[in-house]
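K.L.:
Listed in order, the protein sequences are those of chains V and P. Under my numbering, the first residue of the first sequence is numbered 46, with each subsequent residue one higher. Under my numbering, the first residue of the second sequence is numbered 19, with each subsequent residue one higher.
Hints are computed from structural coordinates only; laboratory data are not their basis. All of these numbers come straight from a predicted model, not from anything done at the bench. It is possible that part of the hints are untrue.
[What the hints assert, rightly or not] Some chain V residues near chain P, calculated using beta-carbon distances under 10 Å:
1) S193
2) L318
3) I342
[To be verified] Which bits of chain P does chain V cover? Going by a derived footprint, with three or more residues having C-beta under 8 Å, they are:
4) 32-44
5) 51-61
6) 128-140
Note that beta-carbon positions come from the ideal geometry of N, C-alpha and C, so glycine has one too.
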Amino acid sequence: MSSEVSNPVVQPVFTGDSTHHQDSEGEIHENGHHEHHKEYFFTKYVFSQDHKTIGKQFLITGIFWAFVGGLLSVIFRFQLGFPNQAFPFLETLFGKWAPGGIISPEFYYMLVTMHGTILVFFVLTAGLSGTFANLLIPLQCGARDMASPFLNMLSYWFFFAASCVMLTSFFLPEGAADVGWTFYPPLSGVKESAPGAGLGADFWLIGMALFIFSSLLGGLNYITTVLNLRTKGMSMNRLPLTVWALLITAILGLISFPVLLGAAILLLFDRNLGTSFYLDKIFINGHPLDHAGGNAILYQHLFWFLGHPEVYIIILPAFGLVSEVLANHARKPIFGYRAMILSMLAIAILAFIVWAHHMFVTGLNPFVASVFVLLTLLIAVPSAVKVFNWIATIWQGNLRFTPAMLFCVGFVSLFISGGLTGIFLGNSALDIPLHDTYFVIAHFHIVMGVSAFFGMLAGVYQWFPKMFGRFMNNTLGYIHFWITFVGAYMIFWPMHYMGLTGVPRRYYSFDAFQSFNMFGDLNKFITIAAMLVFFAQLLFILNFFYSMFKGRKVTDPNPWKSNSLEWTTKINPGHGNWDGPLPTVYRWPYDYSKNGDEFIPQTVPYKPGEEKLHH
Amino acid sequence: MNMMTAEIKTVNRFHPLKFMMWLGIAGMVMLFAALTSAYLVRKAQGNWLEFRIPFIFWLNTVIILLSSVSMQWAVKAFARYDVKKYRLAITTTFTLGVMFLVGQYFGWLQLDEGGIHLTGNPSGSYVYVISGVHAAHMAVGLLIMLIGVLRAFFRPLNPNRLVNVQVMATYWHFVDILWIYLFIFFQFNLA
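Sequences are here, hints too, so could you generate the full structure?
P.N.:
Written out as C-alpha cells, the structure is:
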C-alpha cells in the first residue's frame with residue numbers, strides 16, 4: 046500500500062475483480078499490479094466502472110428513450126393531424142386510452158407531458174451529456190478513467206432507476222403524469238386536478254429526483270476529471286472544445302439541478318402532506334381545498350432557474366461535438382478557438398440571469414421584464430460568434446461529407462433558424478402575443494430539440510468506431526440525414542405561421558375555433574412529416590445495432606485522421622485506455638493542414654522552428 | 019471513494035476526492051439558496067405568520083458547534099494515528115450528531131405544540147421543510163460516519179484513509195455552518 050502512495054506516476058491499474066477489494070467507504074486496497082485481468086460478464090457489461098462502458102450504457106438507454114419519446118409524439122400527432130378520425134388500431138394498442146380508435150383528451154395530455162419530460166431530461170440531458178462526457182472526457186484529457194469510477198457507475202444506475210420509475214408510470218391505472226412537462230402547480234399540486242396528477246405525478250417527481258441525483262453524481266465526476274486528471278502537457282488551452290463544452294455543461298447542471306430538487310421537494314410536500322407552498326384557495330367541484338397562502342408563481346421562478354440553464358445543458362455538448370467534428374472533417378483548424386470557449390462561458394453565465402423570460406405573462410413587473418429582455422437578447426452575441434466561427438471553420442475547407450459532417454452542417458443551419466426566432470420571443474412585447482403558441486413550439490424544437498439531436502447524432506456517427514471498433518453504414522447514414530434534415534424543417538417551419546396567427550399549444554382539438562380550423566391540412570402535412578422522420582430514426586437504430594455486431598471493422602486506429610487523444614489508443618481499448626504510459630501532449634488538437642501536414646496529433650512535439658498557430 | 023484515489027494521491031494537485039466534496043457543497047448551497055430565497059419571496063407577499071423558533075434550536079446550535087470541534091479533533095488524532103483519541107473523538111462527534119437530530123425532532127414537537135403546524139401558514143411550513151432537509155443531510159452524514167466509527171473500533175487505522183476522514187470532516191463542518199446560516203436566517207426573519 047505504501048509503495049502506491051509514494052509512486053508519483055498514475056499507474057495503469059484497473060480491475061473489477063478480487064485483487065482490489067473495495068471497502069465500505071470506497072477505498073481500494075491493492076495487492077499488486079497487473080494489466081491483464083479476468084473480467085466477468087457482470088462487472089464488464091452490467092455493473093461496469095469503465096467510463097467507456099458507462100458511456101455506452103447511457104447511449105443505449107438514451108436511444109431507448111428517444112424511441113419512446115418520439116413514438117409518443119407520433120401518437121399525439123395523430124390527434125392533431127386527423128382530429129376525431131377513428132384509427133381502430135389505436136384502440137387495439139391502447140385500450141381505454143383511445144376508445145373507438147380516437148385518442149382521449151387525458152391520453153393526449155399524458156403523451157405531450159411525457160414526450161417533453163423524456164426528450165428534455167432522459168434523452169438530451171442524460172443521453173447526450175451522459176454518453177459523451179463519459180466517453181470523451183477521460184479519453185480526450187488523457188486519463189485512465191473518471192476521478193471516481195464508482196460514483197460514475199452510481200450515476201448510471203440512478204439514471205436507470207429513474208428510467209424504471211418513469212417507465213412504470215405508463216402502466217399505472219390512471220396513467221403517467223399529464224400536467225405538462227413543466228409541472229406547474231396548481232395543476233400538478235392537486236391530486237384531483239387530472240387523472241395523471243395522482244399517482245402518475247408522484248412517480249414523475251420520484252423519477253425526476255432520482256434523475257437529478259444521477260445528473261449531479263455524473264457532473265461532480267466530469268468537472269473533477271477535467272480539472273484534476275489531465276495528462277502531462279494537456280493544459281486547459283489545449284483541451285478539445287468537446288471537453289470544454291462538457292465541462293461547462295456539468296458546471297451548469299451542478300448549479301441549477303439542486304434548485305429543481307428544491308422546487309420538487311416543496312411540491313411533494315404540497316401534494317402529499319397538505320402544506321401550502323404553491324397552493325392557494327382552490328375549489329374542486331365546488332369544494333374548497335384546505336390549502337391557503339401559497340404562491341404558484343414561486344414554482345415557476347424555481348423551475349425556470351433550472352429550466353433556462355437546462356436548455357444550455359442540452360445544447361452546449363452539441364456545440365462541443367459539432368466544433369470538433371467540423372474542424373476534423375473540414376481539415377482546418379477550428380476558427381477562433383478562444384472565442385469559442387469565451388462564448389460558451391458567456392452563454393453559461395447569461396443562462397442564470399434570464400429565467401424570467403419564460404414568465405413574461407405571469408404579471409411580471411414590466412420594468413423587471415425589460416431587464417430580462419436585455420439580458421436575453423445579449424445571448425445572441427455569443428451565439429452569433431459561435432455560428433460565425435463554425436462557418437469560418439468550414440470556409441474553404443477540404444470538406445469530407447461523412448454522415449457526421451452532414452449532421453454538423455445541418456446543426457449549424459438549424460441553430461441559425463431556431464436562434465433567430467429566439468430574438469422574437471426574447472422581447473417581452475412580442476412574447477405576450479406569441480406566448481404559448483406554436484411559434485414557441487417551433488422555436489425551441491428547432492434551436493434546442495432538433496439541433497441538439499443533430500449534435501448528438503454527429504457524435505454517434507463520429508465516435509461509433511471508437512465505441513465499438515466498427516463503422517456505421519454510410520448509405521443508411523446519408524438516407525437518415527436527408528430525411529431527418531428535410532423532415533425536421535417540414536415539421537417545424539409551418540408551425541411558425543400557425544403560431545403567428547395565435548394557434549395555442551397544448552390544445553387537444555381546434556374544432557371549436559373557426560380561426561384555427563384553416564390549418565387542418567397543414568396539421569395533416571406536419572403529422573405525415575413527423576411519421577416520416579420517425580421512421581428515418583428507426584433506420585438509424587437499425588444501422589446502430591446492426592453495425593455494432595456486423596459493421597465494417599475499423600483497421601486504422603485513427604480512421605478520421607484526427608488529432609485528439611482518443612485516437613491514440615488501441616482500436617478497442619481496455620479499461621485504463623492506454624496500454625503503456627499515458628500520452629504526453631505538446632500542442633492543441635486543431636493542427637490540421639499545417640505546413641503540408643494534413644494533420645498533426647496532439648502527441649507530436651513541435652518541430653524546430655515550427656510556428657505555433659495557437660499559444 | 020474509488021480505486022484511483024490511492025494512485026493519484028501524490029500527483030501535485032488538489033486531491034480529486036476533496037475537490038469533489040467541494041463541488042458537492044456548491045450543489046447543496048444552491049439547494050438551500052433556492053429554499054431560503056423561496057422563503058423570502060413568499061414572505062414579501064404578506065399574510066405571513068410570525069413566531070419565535072423553539073428554544074431547543076439554540077441548544078442544538080451549541081451541540082452542532084461542539085460536534086464540529088470534536089470532528090476537527092478526530093482529524094488531528096487520525097493524522098497522528100492516535101487510535102485511542104481518534105476513537106474517542108469520532109464517537110463523540112457521532113453522538114453529538116445524533117443528539118442534534120433528536121434535538122431537532124423535539125424542536126419540531128415544540129413548534130407543533132406551540133400551534134405552528136406543518137400545514138397552515140407557509141411561514142411555519144418553511145421552517146419544518148428547510149430544517150427537515152438540513153436534518154436529512156445530517157442523517158446521511160451520520161450514516162457514513164457510522165461506518166467510520168465501526169472501522170475505528172474493528173480495524174487498524176489505515177494511513178490512506180486520512181483523506182476520507184478529512185473529506186468527512188469537510189462535509190460535517192459544511193452542514194454545521196449550514197445550520198448556523200439557517201438558524202440566523204430564521205432568527206432574523208421570524209421574530
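K.L.:
Checking C-beta pairs, does the stretch 51-61 of chain P have three or more residues closer than 8 Å to chain V?
P.N.:
Per the Cβ count (6), the hint holds.
K.L.:
Report holds or violated for the interface hint on V:L318, using the least CB-CB distance to chain P and a cut-off of 10 Å.
P.N.:
With a closest approach of 6 Å, the V:L318 hint holds.
K.L.:
With a C-beta cutoff of 8 Å, work out whether three or more residues of the stretch 32-44 of chain P approach chain V closely enough for the coverage to hold.
P.N.:
The restraint on the stretch 32-44 of chain P holds, since 8 of its residues have a Cβ under 8 Å from chain V and three suffice.
K.L.:
Quick check on V:I342 please, does its C-beta sit within 10 Å of some C-beta on chain P?
P.N.:
For V:I342, the interface hint holds, since the closest Cβ of chain P sits about 9 Å away, which is under 10 Å.
K.L.:
At a Cβ distance under 8 Å, does chain V reach at least three residues of the stretch 128-140 of chain P?
P.N.:
Coverage by chain V holds here, the residue count being 5 at a Cβ distance below 8 Å.
K.L.:
With a cut-off of 10 Å, does the beta carbon of V:S193 approach a beta carbon of chain P closely enough for the hint to hold?
P.N.:
Where the cut-off is 10 Å and the nearest Cβ of chain P is about 4 Å from V:S193, the hint holds.
This entry satisfies every hint, going by the numbered hints stated previously.
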